[in-house]
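Number of protein chains: 2
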Amino acid sequence: MSNGLVPTAIVAIAAAPRTRRTNYPEPFASRVAGREKRPLGDVFGLSAFGVNLTRLAPGAISALRHAHSKQDEFVYILAGRPLLRTDHGETQLAPGMCAGFRAGSGDAHHLINRTSDDVLYLEIGDRTPGDAVTYPDDDIAAVLDPEGRWRFARKDGTPY
Amino acid sequence: MSNGLVPTAIVAIAAAPRTRRTNYPEPFASRVAGREKRPLGDVFGLSAFGVNLTRLAPGAISALRHAHSKQDEFVYILAGRPLLRTDHGETQLAPGMCAGFRAGSGDAHHLINRTSDDVLYLEIGDRTPGDAVTYPDDDIAAVLDPEGRWRFARKDGTPY
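These protein sequence lines are chains A and B, in that order.
Quick note on the numbering used here: the first sequence kicks off at 11 and runs consecutively.
Quick note on the numbering used here: the second sequence kicks off at 11 and runs consecutively.
Bound conformation, chain A alone:
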């Protein structure tokens, strides 16, 4: 049953994938080419946090390894065996495992699918304003443009 505006419930994997795959410039965009995100929370009009059902094809990464200043993140593995990379090394994940990434910890993270099978997981992130993201492994920085939008540049400020 539906209230006419949003569905009451959906089969998550049947949700529409995000059409814009990434905002990263090259050469980083190619590294997440095998990543597919289905926004689930948006389907129900949620605004305080986002929930994505995300698939990583073999070889894909979840994102550049990064840390958020103000937004918490959480992942729950539904299928497949990704590696979680943080400042503390690599941790093997498996279905039924979860990890949380506290805002402001400074510990950067991402998932890598080094297997020959897809990885499927839920990712949750809040939408606290004023968030900033840092990328310790890559020459990329998010900078505010004059219109107040985040743009990617090199760490010395020069554009891609």
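Think of the hints as simulated: they come from the structure by calculation, not from any bench.
For every residue, glycine included, the Cβ atom is placed at its ideal position computed from N, Cα and C.
Heads up, none of these hints are tricks.
Simulated DEER-style distance windows between Cβ atoms:
hint, chain 1, residue 1, chain 2, residue 2, range
1, B, Asp-128, A, Ala-104, 15 to 23 Å
2, B, Gly-106, A, Ala-67, 17 to 25 Å
3, A, Gly-114, B, Arg-159, 22 to 30 Å
4, B, Lys-165, A, Ala-43, 52 to 60 Å
5, A, Ala-67, B, Ala-152, 42 to 50 Å
Fit chain B to the known structure of chain A by using the hints.
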């Protein structure tokens, strides 16, 4: 690997269950006696939202049917087949299905396990302050006590 303060990742079902099962007074507490919540986000020090791995034994409900004024909620079914009850009727859920409950919609919801198998799901809720909860089906209301804490009373204000 761990950073010494929080684990990097955990097996969700191995997380400690919440020891205090419910704040409801009787006769409502008994209706959620078969509900077990494992707080997962708290394990990682997350503060912007909570993530619970929740199990409903046969006959249990997730909560009294309720609506939040300011906090969004989201559920993802991992195992079992609960019924979702909203103002619009009942919807059969199954593993891989999800539902979101937008703050302020006024549409009250809960899950019921009418099967003979356990139901297991992830529930996410943000922690926007100033939230209020309403219960259309039951004679219960959450009221602020003089110390600013939420207490349950009957809808006419008399205590349980």
